[in-house]
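K.L.:
Let the hints inform the model, and build the full structure from the sequences given.
Below are the chains, spelled out letter by letter.
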Amino acid sequence: MLGELIPSSTKLETIDERLRQCGISRRSFLVFCTSLMVAAPFGLALTDMASPEAVAAVLGKVVRPAVIWLHFQDCTGCTESLLQTSHPGFADLILNVISLEYHETLMAGSGLQARQALDEAVKRYAGKFILVVEGSIPTGAQGIYMKTGGRTAMEILNDVGGKAAAIIAIGSCASWGGIPSADPDPTGAVGVADLLPEHSIINIPGCPPNPYTMLGVVLQYATDGTFPETDDQRRPKFAFDRDIHEHCPRRAHFDAGNFVKVYGDAGHREGWCLYEMGCKGPDTHAGCSTRHFNEIPDVWPIGIGAPCIGCTEKAVAFKVPMFQVVQLHTIAAPPTSYAPITTTRGTISPLATGLVGLGVGVLATGGYVASRKFSKKEDDESAPGSKPDNKAGE
Amino acid sequence: MTPTPANPDERGTTLINHWQSGVPVTKGRVLTPFLAFLIVLAAIGLVLAGIRLVSPLGPFSAMNSAYAWGIWKTFNVMTLTALGSGPLALGMAAWVFNRQKLHVVMRTALVSGFLFYSTGLIALGFDVGRPWNFYNAVMPWRWNSESAMLEISICMPLYCAVFLSFEILPLFLERLYYTGNEKARAFLRHVSPRIRKVYPFVIIGAYVIPLMHQSSLGGLLLLAGDKINPLWQSPAMPWLYLVAAALCGFAFTIFLLLIVCLRYARPLDDSVLTELANLLSGVCFLFLAIRAIDLIWRGQLHRAFAFNEMSLLFLLETSLILVPAVVLQFRRFRETPRALLNMSALACVGGMLYRFIPTSIAYTPMRSTSYFPSVPELVMAVGYISLGIVAFVFAINYFAVLPGDASTWDHSFRPFGWKRRAPAPAAIPLLTVPALERGA
Amino acid sequence: MNILNMPLSRRQAFKAMLGLGGTVASAMLPTTALASTEEHPAHPIAPADAVAMLYDSTLCTGCKACMPACNEANGLPADTLLSGGIWDMPTGLNAQTKNIIELYQDPNSDEFSYVKKQCMHCLDPACVTGCPFGSLKKVDFGAVTWNGSLCIGCRYCEVACPFEVPQFEWEARNPKIVKCEFCYDQRLKENLEPACTAACPTGAVIFGKRDALLDQAKGRIAAAPDKYYENRVYGEHEAGGTQVLYLSSVSFQKIGLPKLGSTSLGHYATKVTSVIYKWLGGPIMMAGVLGFAIRRNWNRHELERLDHEKKTGFPDQL
Chain A
11 MLGELIPSST
21 KLETIDERLR
31 QCGISRRSFL
41 VFCTSLMVAA
51 PFGLALTDMA
61 SPEAVAAVLG
71 KVVRPAVIWL
81 HFQDCTGCTE
91 SLLQTSHPGF
101 ADLILNVISL
111 EYHETLMAGS
121 GLQARQALDE
131 AVKRYAGKFI
141 LVVEGSIPTG
151 AQGIYMKTGG
161 RTAMEILNDV
171 GGKAAAIIAI
181 GSCASWGGIP
191 SADPDPTGAV
201 GVADLLPEHS
211 IINIPGCPPN
221 PYTMLGVVLQ
231 YATDGTFPET
241 DDQRRPKFAF
251 DRDIHEHCPR
261 RAHFDAGNFV
271 KVYGDAGHRE
281 GWCLYEMGCK
291 GPDTHAGCST
301 RHFNEIPDVW
311 PIGIGAPCIG
321 CTEKAVAFKV
331 PMFQVVQLHT
341 IAAPPTSYAP
351 ITTTRGTISP
361 LATGLVGLGV
371 GVLATGGYVA
381 SRKFSKKEDD
391 ESAPGSKPDN
401 KAGE
Chain B
779 MTPTPANPDE
789 RGTTLINHWQ
799 SGVPVTKGRV
809 LTPFLAFLIV
819 LAAIGLVLAG
829 IRLVSPLGPF
839 SAMNSAYAWG
849 IWKTFNVMTL
859 TALGSGPLAL
869 GMAAWVFNRQ
879 KLHVVMRTAL
889 VSGFLFYSTG
899 LIALGFDVGR
909 PWNFYNAVMP
919 WRWNSESAML
929 EISICMPLYC
939 AVFLSFEILP
949 LFLERLYYTG
959 NEKARAFLRH
969 VSPRIRKVYP
979 FVIIGAYVIP
989 LMHQSSLGGL
999 LLLAGDKINP
1009 LWQSPAMPWL
1019 YLVAAALCGF
1029 AFTIFLLLIV
1039 CLRYARPLDD
1049 SVLTELANLL
1059 SGVCFLFLAI
1069 RAIDLIWRGQ
1079 LHRAFAFNEM
1089 SLLFLLETSL
1099 ILVPAVVLQF
1109 RRFRETPRAL
1119 LNMSALACVG
1129 GMLYRFIPTS
1139 IAYTPMRSTS
1149 YFPSVPELVM
1159 AVGYISLGIV
1169 AFVFAINYFA
1179 VLPGDASTWD
1189 HSFRPFGWKR
1199 RAPAPAAIPL
1209 LTVPALERGA
Chain C
822 MNILNMPLSR
832 RQAFKAMLGL
842 GGTVASAMLP
852 TTALASTEEH
862 PAHPIAPADA
872 VAMLYDSTLC
882 TGCKACMPAC
892 NEANGLPADT
902 LLSGGIWDMP
912 TGLNAQTKNI
922 IELYQDPNSD
932 EFSYVKKQCM
942 HCLDPACVTG
952 CPFGSLKKVD
962 FGAVTWNGSL
972 CIGCRYCEVA
982 CPFEVPQFEW
992 EARNPKIVKC
1002 EFCYDQRLKE
1012 NLEPACTAAC
1022 PTGAVIFGKR
1032 DALLDQAKGR
1042 IAAAPDKYYE
1052 NRVYGEHEAG
1062 GTQVLYLSSV
1072 SFQKIGLPKL
1082 GSTSLGHYAT
1092 KVTSVIYKWL
1102 GGPIMMAGVL
1112 GFAIRRNWNR
1122 HELERLDHEK
1132 KTGFPDQL
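Residue numbers (our numbering), protein chains in the order written: chain A, 11 to 404; chain B, 779 to 1218; chain C, 822 to 1139.
One or more hints might be untrue.
Unchecked claim - Which chain A residues face chain C? A few, computed with CB under 8 Å, are given here: (1) Leu-338; (2) Tyr-348; (3) Ala-349; (4) Ile-351; (5) Thr-352; (6) Thr-353.
Simulated from the structure, these hints should not be mistaken for lab results.
Even for Gly, the Cβ is constructed at its ideal location relative to N, Cα and C.
P.N.:
Printed below as a string of structure tokens:
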């Protein structure tokens, strides 16, 4: 999806200038750029460069994008995942790379002040800001299940979303409804794209998703106004084009037939494949198997021994029972056993053999009895019973 | 053992001339318990066949891709149609080599041959996996003329439906003549000369065509190459299959005649049976000669005496044919019904073994495999055979098939239906002289 | 005077024979050329555009990438019967597997070898010779393909193939014959190589023109004498020559490639019959000879019949 180039605003400075203002070290920024590259090695023009320095050079000249972050029926987990980095101070950096104009959890103000801040930000950056939506929008009973400042979520979304340059639905809730939409779904929870289908929306499902996916998309947009290629569910392909199973670190165990049968068994301790425990990896498109969370290797569900629950997929997450085994869609790579040169085919049924034996026996006996009826003597005329008074054979 | 007397009048022959024409069986119940049992078997077989048509072949039979042909093809078709080659063997002997005596048993051979062929073709029809494409058979431009399988699938149905049926037609017409009304008889007197005119030409086809397809049944196995044990795999297989067909044709006809005459208390006929026995012996020797020459020519004779499983099988099959060949050379045995029965049975089994072994027991694919027919397969095969037997029993009861003493027959037929009593013979008009001269 | 009482003149007999022979022949004569020895020469010649696959088992690592590639290109499901629905794990070529990697292991030593099995696309295929309606045909590039509208499911191809390749779909109600076709419809026609050779990461199986690959194979043998079994290429002459060539360091029979002579089975099977059936000459001649004898005996029989009928007063049985 292509957006339009935003003309630079004199109110927002470039990232380089801002970082210098805030005293954030160049080294931190380079580390940030590295993380971006790791999160989106290809499929994103911004990170498709030779080195973090190159990315930093480009990114430095980008004007900080204005971001308005709305919460609806959410748990704030997506925000937490954005801020719970393993590098202290990173949160600061992130918040200086983008210009977060409105964020209910992080902002200082509340009540009327917050409402004013929102209105001002929307007015100032109308048509230029990026709207990030976190949480599902209730549609049941005209949307009364959530109201902020006297307005229902639907109204807020319509109002703010209508003026955004682009909308990023972060998290499964905003992408397709998430946990609130699970059976029986009393609130009628839906994602952003269900309410504003004509808008340019990028879905980044996950519970939570990798924050660098969102950052990559936002910064790409800020750099040259383009969005990365998306699939038919509006998810960026660079993060969602493959399923967990394809790149799972435990794939070798799957191929070798090493499966965990019960939590805590020897196989579980060895880190064996969780397919039989109901891992939804084969059915789930996400990048978690290569990009883990909190920038710490193996900090992701399968890495700690919990089967994937398919949190990005509408058809899987919070719908298919956690321990239900999924079907494999692609021709699975064969295991480490081979067909032998000769195989035994065909079985012999003992019943059939018995029947044949019986039949042959009956025929042989019958033949013998018949031949006995023919007299051995030479001078007997013709066949027995051929004389009229012989009743044999009648 | 008494020595054979020199004077023919003191010979004490066991058999005398009793067969003059085909005579239907008019006494006794048709539906005996045994026949009822066979009807039930046949019905079960046909029902299973119907089910087979709408279900996949795999679960139904025990065939697999290494043993792609089960007993329907290899037994019901390849083996039993050898037994059904009576029309070919006897017909050639009677019509080509002018053994006039055999005409009286031609009908028995024809009916049994027709039934072996038709039940075999039914078995074949239910064995093919994609029968809906069989319409290609009437599009000659799609034929692959090199294929022995094509030859068989065209010639066998053609033979059965056209030539054998035509040869059997006189049975029905004869019954119609004697049991029908005057209009029917007039129609038959009109039609019969035409049939007689065409008959010799039809039977030319009736012998050329089975020569082709009986040898093609052997030709089928040529493509199997080394999968068939070298004792059997040979370029002479088509010839041998043909001679085995003739052998089985003679042997089974003798056997059948003896059994049915025993069952229906008919007198035997010396001259015909000894004629058949002579022919059988001759054909057995011919078969063994070709077999021996073939083995020596191909340098495989040592395998016959290796005394392993295959060698023993070969020796069994050969002795089953050699023994009758030798024994029936002696007049004493030719004229003893019991010896005839035993020897013809041995020859039948030997001939059947020769035709069956290379398709199954001596057929060893590369992959280690096994095949034994499954129960449904067996039941269907037995069902088809029972169907043939049932039809044969009906035929000999309602039509003039079995040879008998013409003087004992008043040209009456059993009525169709459940009446047990044979009817009083209808007033059958004798042929008038003008009718004779018209060639009625 | 009954026509049948008259002795048959030679001309009439001749006419009758020709007439019958012609009738029989035209009833059975297919319009395509009949079998001739030229169609099955003792040593078949590869067609000009003959392609081939060269499989060198010494380069194969047993990764089996060719197997899912083949399944995907041919729209075949995985054979997950033995794996409980998880992996494609066939035990041999079957109705879902056109191409398989098998492993030979000597129980008493370290000797082992992988081998790729699929249709050999013989130069003179036995299956094509035997197929009654030409469903299996050797088409351009020398690929042997199967045509569903001509197949009656007689399974003669399974009996004829010395490599036991064609697989009948025993479990299907609309059973097909499943075998490698060089990806003819999907790829070969678009000038793409088959899926398996495209997928092979080590170049163990490669695709190209038959003579070029044969030269390459011989080059490998020459460059490493005594590495390859018997210093020869399997498929150069086997069964008349095949379009899948094998190089192996262990005996070909150990990896399941049968020992075959250099004449094709089609040649062996049609050697005699092609002469007898050329233009249906044999049957026509037979019909003529038989016809002559039958006609003569028939006339004799008819004469006797009339006597018999006069005696008994009833029509004679035919």
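K.L.:
Look at each hint and say if it fits the structure.
P.N.:
Evaluated hints:
1. Leu-338: holds (6 Å)
2. Tyr-348: holds (4 Å)
3. Ala-349: holds (5 Å)
4. Ile-351: holds (4 Å)
5. Thr-352: Holds, because the Cβ-Cβ distance from A:Thr-352 to chain C comes to roughly 7 Å (cut-off 8 Å).
6. Thr-353: Holds: closest Cβ of chain C sits about 5 Å from A:Thr-353, inside 8 Å.
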